[in-house]
Amino acid sequence: MKMRNMMDFAEKRPGMNIGIRGILAVFGAYGFGVLGARAFAGGLSPPLDAAALSVMLAFILEAGAIIWVFAASTVARAAMGLAAPAALFGAWLAVAG
Amino acid sequence: MAWLHTWSGLLLGWLMFLIFVTGSLSFFRSEINFWMRPELHRAYRAAGGAKADSARMIAHARRVLEQEAPDSPQWQISLPGPRFPALSVSWRASESSATPPGGRRGHVGRPAMKRLLLDPSTGDILKARETAGADFLFRLHFQLYGIDAITGRWIIGAGTMVMLIALISGVIVHRNIFRDFFTFRPNKGKRSWMDAHVLTSAVSLPFHFVIAFSGLLLLAGQLMWPVMHGLYPDARAFVIESRGGRARFDIEPPSGTRVPLTDFAPLFETARQRWPERPPDTIVITNPGDSRASIEIRQSYGGRLANRAAPERLFFDGAGGELLDTPKAEAPSAILAVWNALTALHMGRFATPAQRWLLFFAGICGAAMVASGLVLWRISRLGKHDEKSSGEAGEALRMPFGCRLVEVFNVAGIAGLLAAIGVYFWGCRLLPGDLALRVNWEIALFFIAWGVLLFHAALARHLSAWAGQLAFSGILFAFLPLLNGLTGGASLFRSIAAGYWQVAGFDLCALFAGALLLFAAWKVHGRAAGGLSGAERPLPQPVAGN
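Residue numbers (our numbering), protein chains in the order written: chain A, 74 to 170; chain B, 1119 to 1664.
Honestly, the hints are just simulated from the structure, not real lab data.
Source: prediction; values computed, not measured.
Do not take every clue at face value.
[What the hints assert, rightly or not] Where chain B lies over chain A, by a calculated footprint (3+ residues, C-beta under 8 Å): (1) 77-90; (2) 153-164.
[As the list claims (entries may be wrong)] Short, incomplete list of chain B residues facing chain A, as computed with Cβ under 10 Å: (3) Leu1122; (4) Ile1243; (5) Leu1244; (6) Val1280; (7) Ile1295; (8) Phe1299; (9) Gly1339; (10) Leu1341; (11) Pro1344; (12) Met1346; (13) Leu1349; (14) Ser1409; (15) Phe1433; (16) Asn1458; (17) Phe1637; (18) Trp1640.
The C-beta atom is built at its ideal place from N, Cα and C for all residues, glycine as well.
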């Protein structure tokens, strides 16, 4: 599998490993937080509550995602750990809103 | 996790230190602003007299407003309070009534107001120097300076998120943080720095979490725009609505019929009897002299955090003086209450003097946490290097460029920043009052001093750079009280004798900070002169967290 080889290649090079995790932490975690917050709280009824709760949630999810990205044992796991729930959030958003 | 803590802390450590220091000072923004305008210092009156004299102060304020702004659509009178001893009058320029509500001038769409400060006992107009004041440090805290405010806020936001990550990973790394909290082993080199780092983190850990998170919330309209945008395309609308709906700059149009304005001292008395615990201190008069005049009397802060410490208000008819229907603030929803409590806490809206000091010290602990962490990083990596190079020069190891960079930034970012703030205070007092662009010069002095210190840190040997810059900042701060007395302010003896704590508090803090910095400089100097005497000795076994 090509994908697997690429991941393995990155995994074994410290600079690349950290670089990819860094990109995941900066952009991936942010997107994860935004998607999660909109899926969970974006539809709340008074917009004031929806905005306040989803923003708080977004920051909490983002922080958790950043920790995850650096805690995961491999780069592949770090990426999948963000992508799988994010896909769920996205699907939920597409269906519900 | 240790890796994450070490490197996230290092990456934006100096930025975090700046945010903590300027943020802590911003808890005392009014007091610092007052100190930086010594012309106002004579505005002090014995605090006990304040109650009896409010009627007279209101009369002074009204006289000035009638002279200066007879055609203004809105006046505001703020009585001296515990944090700012001058009487302040402000008014909206008359042409601004033509600006539609929500016009883009001023902060959050409020048209700018003109302001005069008065001596509360005589009603004389006090002409204060132009100074950027504590507001410069306040802005530096959340949007930096010299770059676009939006960019500045992104950088601050990134720093805050990294801070949150460093905190979470730090608690995971230092699993025994609360047990270690009771351990302090001085003069043991790296171990002492570790103890100091853990101590300053643990002593106000909840504060650090709350302040970082609420800081993000305060910038959320920008940082989380993909979340906010769908709900509130204009983030300001969210801010206004979360603060109770009606924007403050809505002014009812006047009827055009002139009717003399009622005496509002008795109205103020009514309000004071209604709120004995948090007396009113602000009067807003809309359409003065018109038949549609209205008078609003309010507290500076209310007592309920869930409500963003929103003040209680009373509305009166401006012509007859009758009490009108007071709009009852709706209780916020649970979610909004959490939001309000967090953001109000961050801004110290609510705080009594004791609570304000607590916030200040928690912030300083945060700064110390960051500083000790940065020093710890350097000691962990360079202990061996110092051991070998401090003896014979010939044996000196080549220091990796990155490590040297951290050394230089540590000195300039910690001691250098403190010294630059000291220089800023000196500049405020010493620059001539009639200098053109005086405010810009003050700020320029701050950055010139900081830049020179960065050079100094890069050129001098590491420990002597520390000693020199700590001593320099210590001297700057320790002599601020003297400078204050010599350049027209209320001197420390006078302010203490009179119980003038707004000014004495600043001077005493400066004195204390100066003494602390000089002590630190002396300790470092001893180490730099005596070679290796403990501080740089590497430990035999690795310590958790590295």
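For each hint, the structure was consulted:
1. Judged by the Cβ-Cβ criterion of 8 Å, the region 77-90 of chain A is not covered by chain B as claimed, because only 0 of its residues qualify and three are needed.
2. Three residues within the 8 Å Cβ limit are the bar, and the region 153-164 of chain A against chain B gives 0, so the coverage statement is violated.
3. Below 10 Å, beta-carbon pairs count as interface contacts, and leucine 1122(B) has one with chain A at about 4 Å; its hint therefore holds.
4. Hint status for isoleucine 1243(B) relative to chain A: violated, with the closest Cβ pair at about 43 Å, above 10 Å.
5. Interface hint at leucine 1244(B): violated, since its Cβ lies 42 Å from the closest Cβ of chain A, which is beyond the 10 Å cut-off.
6. Hint status for valine 1280(B): holds, given a least beta-carbon distance of 9 Å to chain A, under 10 Å.
7. For isoleucine 1295(B), the interface hint is violated, the least distance from its beta-carbon to any beta-carbon of chain A being 17 Å, above 10 Å.
8. The interface hint given for phenylalanine 1299(B) is violated, since its Cβ lies 23 Å from the closest Cβ of chain A, which is over the 10 Å cut-off.
9. Because the closest C-beta pair between glycine 1339(B) and chain A is about 8 Å apart, less than 10 Å, the hint holds.
10. For leucine 1341(B), the interface hint holds, the least distance from its beta-carbon to any beta-carbon of chain A being 8 Å, beneath 10 Å.
11. A distance limit of 10 Å between C-beta atoms decides the matter here; for proline 1344(B) the minimum to chain A is near 5 Å, and the interface restraint holds.
12. Of the supplied interface hints, the one on methionine 1346(B) holds, with its beta-carbon coming within about 6 Å of a beta-carbon of chain A, less than 10 Å.
13. Of the supplied interface hints, the one on leucine 1349(B) holds, with its beta-carbon coming within about 5 Å of a beta-carbon of chain A, less than 10 Å.
14. With its C-beta approaching chain A no nearer than about 36 Å, serine 1409(B) sits outside the 10 Å limit, and its interface hint is violated.
15. With a least beta-carbon distance of about 25 Å to chain A, the hint placing phenylalanine 1433(B) at the interface is violated under the 10 Å criterion.
16. Hint on asparagine 1458(B) holds. Least Cβ distance to chain A is approximately 9 Å, under the 10 Å limit.
17. With a least beta-carbon distance of about 37 Å to chain A, the hint placing phenylalanine 1637(B) at the interface is violated under the 10 Å criterion.
18. A least Cβ separation of about 40 Å between tryptophan 1640(B) and chain A goes past the 10 Å threshold, and the interface hint is therefore violated.
Taken one by one, the earlier hints fail for this structure at numbers 1, 2, 4, 5, 7, 8, 14, 15, 17 and 18, listed in ascending order.
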